[in-house]
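Asker: Sequence:
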Amino acid sequence: MSSIELLSPAGTLKHLHYAFAYGADAVYAGLPRYSLRVRNNEFDLNHLQVGIETAHARGKKFYLAANVLPHNSKLKTFLKDFESIIPMGPDALIMADPGLILLIREKWPEMPIHLSVQANTMNHAAVRFWQQLGIERVILSRELSLTEIAEIRQACPDMELEVFVHGALCIAYSGRCLLSGYFNHRDPNQGTCTNACRWEYKVQPAQAGGVERHPAGEEDYLLEDPARPGESMPIQEDEHGTYIMNSKDLRAVEHVQRLVELGIDCLKIEGRTKSHYYVARTAQVYRRAIDDALAGRPFDPRLVGVLENLANRGYTDGFYKRHHSHEYQNYLQGASRSHRQQFVGEVEHCDPEHGMVQILIKNKLRRGDRIEWVSPRGNRDQVVDYLEDLNGNPLDEAPGGGWRVRVPATDAGEYDLVARYL
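Numbering of the sequence shown is given in our numbering, commencing with residue 627 and proceeding in unit increments.
The hints are simulated quantities; they were obtained by calculation from the structure and are not laboratory data.
A few of these clues could be false.
[Said to hold, decoys possible] DSSO-like mimics (lysine-lysine), calculated; alpha carbons at most 30 Å apart, straight line: (1) 828 <-> 700; (2) 874 <-> 947; (3) 900 <-> 828; (4) 988 <-> 640; (5) 687 <-> 640; (6) 900 <-> 687; (7) 706 <-> 640; (8) 947 <-> 988; (9) 686 <-> 640; (10) 947 <-> 900; (11) 700 <-> 687; (12) 706 <-> 687; (13) 900 <-> 686; (14) 686 <-> 706; (15) 700 <-> 900; (16) 874 <-> 900.
[What the hints assert, rightly or not] With beta-carbon atoms standing in for the labels, derived distance ranges: (17) 989 <-> 927: 25 to 35 Å; (18) 978 <-> 1020: 16 to 26 Å; (19) 917 <-> 852: 37 to 47 Å; (20) 992 <-> 734: 53 to 63 Å; (21) 850 <-> 1020: 46 to 56 Å; (22) 668 <-> 821: 11 to 21 Å; (23) 1018 <-> 709: 47 to 57 Å.
Where is the CB? At the ideal position from N, CA and C, for every residue including glycine.
When you get a sec, could you build the whole thing from the sequences and use the hints?
Answerer: What follows is the structure in structure tokens.
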């Protein structure tokens, strides 16, 4: 393992395997009842046991998210449920609620605890406070700049620090959002977020609904969810902007070198509900960025382009840099356009005797396409000059998801993925 940990999301055991294959040092997952991912989360007790054992067998780490902010009802079951979890040997619990931390400390004082980003740790005094309570690592708030992170590192040299470098950003301080609970009575801080900040909305000036205008500089708008026609919600906009709209996704690969220089202990990727392709690609890119930084190699802007091909809502580097020069913006935009691809399939079976590989198709693949074999052993390009079905019949194309085809390839292997250049 490198001296800086790369931490990837594991929403499923499949994601865990891809994360480790592509360079992650550790993964994080959580039981639905006590983490902030109730949906698309297969980690029941059986899967949790398998996941921890798999990580340890590979010399990797498995962190268990227990970062829910609970009401009294969950306190009644918490310790009883964790009596079967602690013996499984998770490498740390990721926690936010002081009460739950207290309960774990009282019953299992040796259990390592990492303070969740949900605790919104913004300054070095807060880091020292948690350090005095025996917390081993603090995951810093996403709202900090590189300068502020450097100040915390300098003031707390012997504390493990972790930061997010990729994934969704919430319209709230590090996820402490109330929108979903307000709209749908599904509380984000209990793990049931409906991502209300990411829905499609129609916006119209409130004057159309007969609402009176505010003083200069402020104006009301009506927000309508297409799934609820006629149910308009008022929002207010002033000179600072509108506070309920969607955020771009975080992408801070260009800042990995600086974070390495600062001595940050762990770089974290968000995305427990994303695809295994997302997990593999982000792990591979950030692994490369970390290794380049540790080796003193300059940042490779092509990594920005690779990340552009993942499903995203536009990218931002969040609060790391408050202002970018025009030249730097052009530099990143140019890199983003340099590597246009689409995920088209995953390797299911290799037949080295006949030099063929079976691919489970996710998106259209055609004869003549230029593809990239994405592999833990190193990526390479190839033109698909032949394509056949599983009965050996030649094909011009596999039209979409669910098809299984065979293509010529001599060095494909387990966990390989296929991307088509656009």
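Asker: Which of the stated hints cannot be reconciled with the structure, identified by number in ascending sequence?
Answerer: Of the numbered hints given earlier, those the structure breaks are 1, 8, listed in rising order.
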